[in-house]
Amino acid sequence: MSFEIYHQAGFRYQWNLQSIADDSTGDGVIIGARSIEKKKLAALPSEVRAKAIFDPQFFIPSVPKGKLATYDFFPDVAADGFTSSDYANESAGISAAACLAFQSAQGFRFIVIPTRYMAGMPGNYIATQDELFVGPFLQACSEQRVETPLLLQVVLTENMLKDSDYSADLLNWITGIRGLSGVYLVAEAASATKQLKDADFLYRLLTFTAALRQNDMVVVLGYLNTESVALSLADPSIVTMGLYENTRAFRIRTFEDNQSEQRGPSPRLYVSQCLQWIDRNYHGAIERRLPGGRSLFDQNKYQALMFQPTFKWHFTKPELYKHHFLELSRQLRRISEYQGKERYDHVKTMIEGAIATFRQMEEAGIVLDKDNDGSHLSAWLTAINEFAQDKGWRN
Amino acid sequence: MHFSTEQELVETAIRHLPLRRWLRAPDGTPVFQQTEVRGLFGIPDLLAAFAPATSRRNKPQLRSIAFEMKLSDWRRGLVQAFRYRSFASTSFLVIDDSRSKPAVANAERFKRANIGLIGLNADGRFHIYVRPQREAPFAPHLENALTEIVKSS
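Sequences listed follow chains A and B, in order. Using this note's numbering, the first residue of the first sequence is number 192, and each one after it goes up by one. Using this note's numbering, the first residue of the second sequence is number 357, and each one after it goes up by one.
It is worth saying that the hints were derived from the structure and are not from the lab. Worth double-checking, as some hints may not be accurate.
SDA-like, lysine to any residue: derived pairs with alpha carbons at most 25 Å apart [what the hints assert, rightly or not]: (1) A:K561 - B:R376; (2) A:K258 - A:R444; (3) A:K561 - B:E392; (4) A:K508 - B:E499; (5) A:K561 - B:R431; (6) B:K467 - A:S566; (7) A:K385 - B:R394; (8) A:K508 - B:K467.
Extracted from the complex, chain B is given alone in its bound form (with noise of 0.2 Å):
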């Protein structure tokens, strides 16, 4: 069974995505999850965020990962995705799996890109065929943009 909007795709990867793992945030601590934020680089589908506790002397590095959902056109998805790697430390594309046949034989454009790729099934299971590395974000004015966006939530 295929997805037919990307509402959908969003509402599953909100459902079965472990984000709290990702963002290694402990249990109990506030995870930031948000649809559609705005302000910043594009509109991710879903931008998922921890700002671990620091120390006074050390600046709070945020935690973050960029979502953009898409039926099937990866190329725009990829294009979006590398987007909010101005303002996130990871970023994703999470593709309808029973769509995803083309993306994945495009991987190494993923992988060269550091964007992550993801099938999504309709019931919830899901298979990583790229993971990225985190990374800093590129444009620190955006990254400090998420952060305010994050604190103010």
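Looking at chain A on its own, in the form it has when it is part of the complex (with noise of 0.2 Å):
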């Protein structure tokens, strides 16, 4: 099945928008309520709610970090300070039902059940998910009668992903709920690097998508950066991308009240040959260096603007995300149009161009740094062969 592309928005929200009028570089978008007041979400042009999913954003529900604060139905607000027993009994139901109308009201195309972020891979999982949102938003649905298809939000830290036994009784769970369309599904991998190059991770995901998918459910797979184009493997119903790093990966970090400001990360380019963000400071060694070096760079109208003399790059420019988005939109697009076998023959091609790509680079005497490198293949690699072995796609 060919799969859509949504756009995880946050902060700057509107270059997101701008991105998919502008450069067709997207079907919908995921806005995050952290980063849109309540009023301001509501004022959206319709068309662009009658193709977006609301991300409730609940992970910490006692901190109302940005603009949560101004959503009453988030847990905080809603139960005028949060704690997990008082919420159960008398505030649960009210902030579904009204988290729930409001969904509704916006006409989004689906209507996500919240989630709470719990580290590790605790006893009470379900259950906690159950009482606290679960129970109570299936109870708002019936009474409001609401017919829009449903979505649970799962977080999956990567303990509970790897572990077989805990990952099956998730998944038991999730497509035991009655009346559910789908998953928006998150996972967390404990290590913070730019790419994710755990192969153990990214095969264990691609399998729980994989089996989502196998049960029917719309899974949409939130918070990706480009292993996306691994994940597409699973047949996921919608992939995401994002602007900022913290729409491109979750860490639940950048939900807690007490995150240090940090300073903003220097300016990288989305380079597709190489599935890989590169430093501005690099590009200079890379055009020299490596015979054509510049055609490495994706020629676009943003690219063109980018590489004027005059250009002041700073990681706070749209148009290196704007770059970004239409260069890995078109990749997207492309593996969509292949199914099963050939989807993987085609990522696996797109992934072994780009580890021959950064030998080039090596063999021309370019030493780059682990977030600029192409030490994320191999393990993109290994995951999605491994995947392909299970499917039968690979002998």
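Work from the hints to combine the two standalone chains into their complex.
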């Protein structure tokens, strides 16, 4: 099946909307509540909302970070101070009814049942999610007679994903929830590298996604970076791409109250042939040392602007991200034309091509650091090969 | 005898490496020398630079040498030293000579990257295993930033 591309929108969500409108880089948008006030969200054009998915971001229910405080159904706001037991007894139903009514009134494409982030592999994960969110939402759905398809948001930690019994229990739970159309799946890797470099994590996520799809569930894969290319093999319904790093990898610490101010990253440009973002400060080395190095950088209207000598590179410049959306969406659209083994062959060729390009750079005397090199690619290749083996696509 | 800390390496390098000669700076002219220079690409353990006098028509060409110091981790050192080539015309990895064998065995990688490799002893003796060619920095905006740092020092 072909899949759709959604933008995981956060801060500067207007750039996502512009990119979709101007460059057709996506089919819709997932809007994080933290980054947009409730009133402003409701004021978005109806055609945008009709294709949108709302991310309630209840991950830490006691911390209404950013614009979360403007949503009266956010647990800490609804309960006037969140504690698990009081919320379950007194506010969960009220919050669920209000959150559901809001999503329904906005005409969003799906309605999302929120989730609470739980670290590690807690024994009470399913019971907690059922008690705080799933039960109250299903109840509210039946009372409000909402017919919009329901997605359950699930945040998987690395431990959950890598424990076969635990992930099997989660699959049983999810597929057993009546009235659910699918899952808005978010996976948190333990390692905070800019690219996903853990082959086992990626393989498990591929397997988990594929299992949900085999159960005829819609699967929306949220908070993805370039690994969407590899995850496409699990036949997800929607893959996402984002602007700043906090929309391209889920990290619970970014939702914590006490997160200290961090220095902005140096500007990096997405290079589609490398399946990697490469720091602007390396571009000169690539242009000078790699034969035909300039052509490695994808040519488009944003690249033309950025490579003018007067362009002031900074990580807050929209051109960097609009360039990324244009090039990655082009790659993903191409992938979505293939299915099954053909898709695997195509993605494998892409990854092998990227590995070969990094090898050429190394032979040309270009020494990239771990945030800019091709060290993620061998892990991706291992994961997709293992997945293809399971699927019988590979001898 | 080997070094216990990178700081010892830095101090020994400052005392014994002929920075003025390598920068071709005439005696008596000011040479910029600073440890842990920030605001560029990476933080070089030591940076030395010299701005030769030029005619009005010619833009001054800064001569600069960046150093990364490592007790033994040559791979990480090479990556860091290569970053410094974005703003410096020459970059070296200085490694404790008593632990330099693995780095020297990979001298070809240093040559390919045009990064210098120096083995430094605790008594100040040093050996240049790979001598790099001076080359214009890769990132003109960072070269300009370094020029400003040197000017304002």
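Status of the hints after comparison with the structure:
1. Restraint check for K561 (chain A) and R376 (chain B): the C-alpha separation of about 34 Å exceeds 25 Å, so the hint is violated.
2. Simply put, K258 (chain A) and R444 (chain A) have alpha-carbon atoms about 17 Å apart, close enough for the 25 Å limit, and the pair holds.
3. Restraint check for K561 (chain A) and E392 (chain B): the C-alpha separation of about 21 Å stays at or below 25 Å, so the hint holds.
4. Of the pairs offered as hints, the one joining K508 (chain A) and E499 (chain B) holds, with about 22 Å between alpha carbons and a cut-off of 25 Å not exceeded.
5. In summary, the hint linking K561 (chain A) to R431 (chain B) is supported, as the alpha carbons are separated by about 11 Å, within the 25 Å threshold.
6. Distance hint between K467 (chain B) and S566 (chain A) is fulfilled; the C-alpha atoms sit about 22 Å from each other, no more than 25 Å.
7. In summary, the hint linking K385 (chain A) to R394 (chain B) is supported, as the alpha carbons are separated by about 23 Å, within the 25 Å threshold.
8. For the suggested pair K508 (chain A) and K467 (chain B), the alpha carbons sit about 36 Å apart, so the restraint of at most 25 Å is broken.
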